[in-house]
Amino acid sequence: MTAIASPPPLHRHPSLTSSQDQARQRYLSTPDAEKYAAIDRVLDRRGGRTHEAFVGGQETKEFLRKTCKILVIGAGGLGCEILQNLALMGFRDIHVIDMDTIDISNLNRQFLFREADVGKAKSIVAAEFVMKRVPGVKVTPYYGKIQDHDEAYYKSFNMIITGLDSVEARRWINATLVGMVDEDDPESLKPLIDGGTEGFKGQARVILPTMSACYECSMDMLTPPTVFPICTIANTPRLPEHCIEWASVLEWPKAFKDKKLDNDDPDHIEWLYQKAADRAKQYGIEGVTWSLTQGVVKNIIPAIASTNAIIAAACCNEAFKLATTSAPSLDNYTMYVGNDSIYAFTFKHEKNPECPVCGGETVDLKVKKGTKVESFIEMLTENQRFQIKKPSISFGSGQPLFWQAPPQFYEQTKHNLEKDLDELIASGDEITVTDKALPFSLDLRIEFE
Amino acid sequence: MEDSVTLAEATTDIQPIASHRPDAKTRRYDRQLRLWASSGQKSLEEANVLLVGCDAAGCQALKNLVLPGIAQFTILTASKVTAGDISTNFFLLPESLGGSLAEEAVRLLKELNPSVQGHADPRSAKQVLEEDPAWFRSFGLVIVCGSGEDADVGAEVTRKIGKALWEGGQEDTPMISLRTSGFVAKVRTQFREHCVIDTHPDHSHTLRIDTPFRALEDYALGLDLESMDSMEHSHVPYVLLLVRALRTFEKENDGKRPIYDTTDAFKEVLARERKALDEENFAEAEGQVFAVTQISEVPAGVKSLMDDPSCEGVSKDSKDFWLLVKALKAFVAHPENKSGLLPLSASLPDMHTSTASYINLQNLYKKQAMADATLFKSCLKEVLSEVGLDGEAISEGDADEFVKHCHTLLCERGSQPKEELTAEDVADDFLMETFDLTHGVALNIAFHLAEKHHLKTGTWPGTVEDEYHTVKAQMFDQAKAILGMPELGSNVDRDDDGRLFIRPEQDEDDMDEETEEDVERREETRKAKIVQDSICEICRGGMKVLPTTAALVGGLVAQEAIKLITKQYSPLNGTCIVDLVKGGMTRYPI
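Line by line, the protein sequences give chains Y and E. Throughout the first sequence, residue numbering follows full-length UniProt numbering, covering 1 to 449 in sequence. Throughout the second sequence, residue numbering follows full-length UniProt numbering, covering 1 to 590 in sequence.
No lab work stands behind these hints, which were simulated from the structure alone. Be a bit skeptical, because a hint or two may be false.
As a list, the in silico DSS-like pairs of lysine-lysine whose alpha-carbon atoms are at most 27 Å apart [unchecked claim]:
hint	chain 1	residue 1	chain 2	residue 2
1	Y	K351	Y	K436
2	E	K275	E	K338
3	Y	K281	E	K367
4	Y	K348	E	K582
5	Y	K281	E	K404
6	Y	K120	Y	K66
7	E	K110	Y	K132
8	E	K527	E	K480
9	E	K80	Y	K132
10	Y	K348	E	K338
11	E	K404	Y	K201
12	E	K25	Y	K61
13	Y	K201	E	K582
14	E	K567	Y	K201
15	E	K366	Y	K298
16	Y	K120	E	K110
17	E	K367	Y	K298
18	E	K527	Y	K120
19	E	K366	Y	K281
20	Y	K138	E	K110
Please take these sequences and the hints and turn them into a complete structure.
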């Protein structure tokens, strides 16, 4: 890794009084060797397992503290911890992206936020807080989506850490980073460190795009989301969750044709809760509560500070090791389980040669002769590997076979739904699948059987 | 658009159901209440935690406890803030330089949650230990910092506090001690006994298909599947299908129940009642055949609790937990409990069936569960009166809660740390057999040796530059002695930096000529390297606290603290070694 950005200027926070600022300057003028004694120990000394290539000393410190530019995606539960850790470890040029605003339910773990911050942009408040607390660090916030940025932007970083709660965003950044790799330009390879938590459990992984297994390689390892069949919701509810789904999926659109359900609006949740509780009462089903209603509708995952601390620290430790080579990198996945004593398991995800993102090959798919295009599409949406909802299909030539949108293409191609797939293409032909959830187009080679 | 209504209009035509819209506090804690519920939250809100010493890892642990809302915390240290503290600890500011470490950290930690009280105690732990060691027991939980950053807490202080807490007897205060050095760390829990009712298992159903209770069996056998229309037929819950098939199978096989080997024969019996291949309830039943071949019994863990001396010898001074276990034992043996099993759980998994028959089945289970709970409570009253306690000494709510979780009870008994380690101590059964030395085992030994070094010299390995290599070499010799492998270092040398290294083996590629001796030697070399690397890593860190290691350890400590305080989930019992060089964690019962 070489220099990309110029060293960040020392940042003076505007809300500091001059005496506080003086104290800050006094602290800043303390020799680095005294301030950073803890970090310098592992940069000045070798460990038994430290790689041969480790230089250590001043050169390594300069890169870490002056040159290295790192991007954090997500300023939520993991993001707050990651920003704190990176700043303390000596990263000085940190950027953070988040599209969310602060909610009161964040305050039990997102420790850079206070009650007065509710409603403000997470990335901006988090950046301000870290700069105020850790002198000398520059945190540049971006309040918006990761998709707002192009390759040149992502190329300007040395590495990227993600603390996200969305599979879709992870897929997007993963595919973008894999797509950026240019074999002739080692600088185009940006390590991606990804963390995730749920309750007392979590995982951290290191992805070296095209070199090691990427996020897409292991899509089939994800736990599939709980889906309640529509017929159960509509006709044979048994669980409180069924009543809640009925209220949100079937009743809400009926009652409010032109108003979208807003998961964050308590009045909307209240309406769903009343509807669901009423239905549950009719059927003699127990257990519909406000909290469950909110949990089901928003798909809430329990989250606590301590688990985020563990996973974020594991991720930042990897970032530090990558930036300094002071110890070998995680190879390449570790999972942590804290509810039953302490248990951690580290293993290596192998690259999937058929990975639609980094495998670089067309995916082979066997389809029964006589399968209608409509059921073929259903097949695709049910395949755990692809995780798509409303795919459009094109012929190998790029011509539309069936497109969900725009409307004129939908009208032109919808008659194909009724046809057998083998009427339209021959065995061995390739088709291209695109979907909103897919940050890339998926090439399939269809083999009829 | 015409038939779209406003929110108010749409809401008025529903029967009013009392709203339980959460208040601000519930909303703040929503994501954690979904884990430990209001009972766990109540315990947290009563908890009083002491942090002895103050470094980044300790403050990170407190942060993770202040956020979910413990009642109060105290930081005990006489140390003053250094530049090194500020650069590693997020809860200090540049203007804290030279001030009281306890006061500065408390001030910034308190900001995290206005409902938590924080106290700074600027005395030294040594002084308190001399004047009033029992003071430590006035807290609900004690966390002892363990980097070399806060000179106020060394290996001796940790040991003495552990002893002071242990001497509280059955009323001991649990302790979590930590030690960090660069990329590696150690967390240890100490408590005499920790009993958990709600361990949060993945599920808590007890379907009892193999030994159906009377009402379930009668209901299942009374169904007339023949006369059902296809709709009804395809919606008979699989539980009932299995109970029916089980009885038929037994009748046809001289009363023998299906076992693993006769699963196929049992499936045939089950299939006889199937009318169509697409009946999902039958598909579910087939998938659950193991529930018939597995015999319901009192879980081994619970059985051992019922045979525990603490259960046998209950008295009015016993913990509620043991009185409840004693009552559970009485329930199992009670003549009215025909199953000889634990109380039935009222919970039922979702299954393919109609609303009415699901609710029907659920009610059968609920009714039996309630009957079991009632019998259990009468057993409890008897136990309470036998030991001379009031029948209401344990509330009905607590008894119900116990019954709900009685299949997965847990009692952990802890220990004090060993003063001297031996080979047996550092190697669990698996390790003894193959003697496969891992970095976790070796790091545990290395931490132990570092503590011994500190006890003897008052300095931590890796802190005095002049002694850096000699201390490493000394520790290496001591580790070899502990492992009982004096010849371990026969092929170990030093490089130009004075680092220990293993002399490369000759003819390593020449596998043909490799004798058993060579293999053994190579294995020893490998082990020696692991021991050397581990000692090297601890000395390298010099008991300084890396912010990332501190954050990770702070997370681990807080999770353990939450488990100990809420008495939910299973805590760590013993030592956990964190190796962030490779990214692993290993735990040991010592």
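Results for each hint:
1. In summary, the hint linking K351(Y) to K436(Y) is supported, as the alpha carbons are separated by about 25 Å, within the 27 Å threshold.
2. Under the criterion of a C-alpha separation no larger than 27 Å, the hint pairing K275(E) with K338(E) is inconsistent with the structure, at around 35 Å.
3. Restraint check: the Cα-Cα separation between K281(Y) and K367(E) comes to about 19 Å, which is no more than 27 Å; the hinted pair holds.
4. Among the hinted pairs, K348(Y) with K582(E) is consistent with the structure: their alpha-carbon atoms are about 12 Å apart, no more than 27 Å.
5. For the suggested pair K281(Y) and K404(E), the alpha carbons sit about 24 Å apart, so the restraint of at most 27 Å is met.
6. Of the supplied pair hints, the one linking K120(Y) and K66(Y) is violated, its CA atoms being roughly 30 Å apart against a limit of 27 Å.
7. For the hint pairing K110(E) with K132(Y), the CA-to-CA distance comes to about 17 Å; that is within 27 Å, so the pair holds.
8. Of the supplied pair hints, the one linking K527(E) and K480(E) holds, its CA atoms being roughly 10 Å apart against a limit of 27 Å.
9. For the hint linking K80(E) to K132(Y), the alpha-carbon distance of about 22 Å falls within 27 Å, and the restraint holds.
10. This hinted pair does not check out: K348(Y) and K338(E) have alpha carbons roughly 51 Å apart, beyond 27 Å.
11. For the hint pairing K404(E) with K201(Y), the CA-to-CA distance comes to about 24 Å; that is within 27 Å, so the pair holds.
12. For a cut-off of 27 Å, the pair hint linking K25(E) to K61(Y) is broken: about 45 Å separates their Cα positions.
13. Between K201(Y) and K582(E), the direct Cα distance comes to roughly 19 Å. Compliance with the 27 Å bound is thereby established for this hinted pair.
14. For the suggested pair K567(E) and K201(Y), the alpha carbons sit about 18 Å apart, so the restraint of at most 27 Å is met.
15. With a C-alpha separation of about 30 Å, the suggested pairing of K366(E) with K298(Y) is violated against the 27 Å cut-off.
16. Among the hinted pairs, K120(Y) with K110(E) is consistent with the structure: their alpha-carbon atoms are about 22 Å apart, no more than 27 Å.
17. Between K367(E) and K298(Y), the direct Cα distance comes to roughly 34 Å. Violation of the 27 Å bound is thereby established for this hinted pair.
18. Taking the CA atoms of K527(E) and K120(Y), the gap is near 55 Å; set against the 27 Å cutoff, the hint is violated.
19. Proximity of K366(E) to K281(Y) is assessed by CA-CA distance (about 17 Å); at most 27 Å being required, the pair is judged to hold.
20. At roughly 26 Å between alpha-carbon atoms, K138(Y) and K110(E) fall within 27 Å of each other, so this suggested pair holds.
In this structure, the earlier hints numbered 2, 6, 10, 12, 15, 17 and 18 are contradicted, and the remaining ones agree with it.
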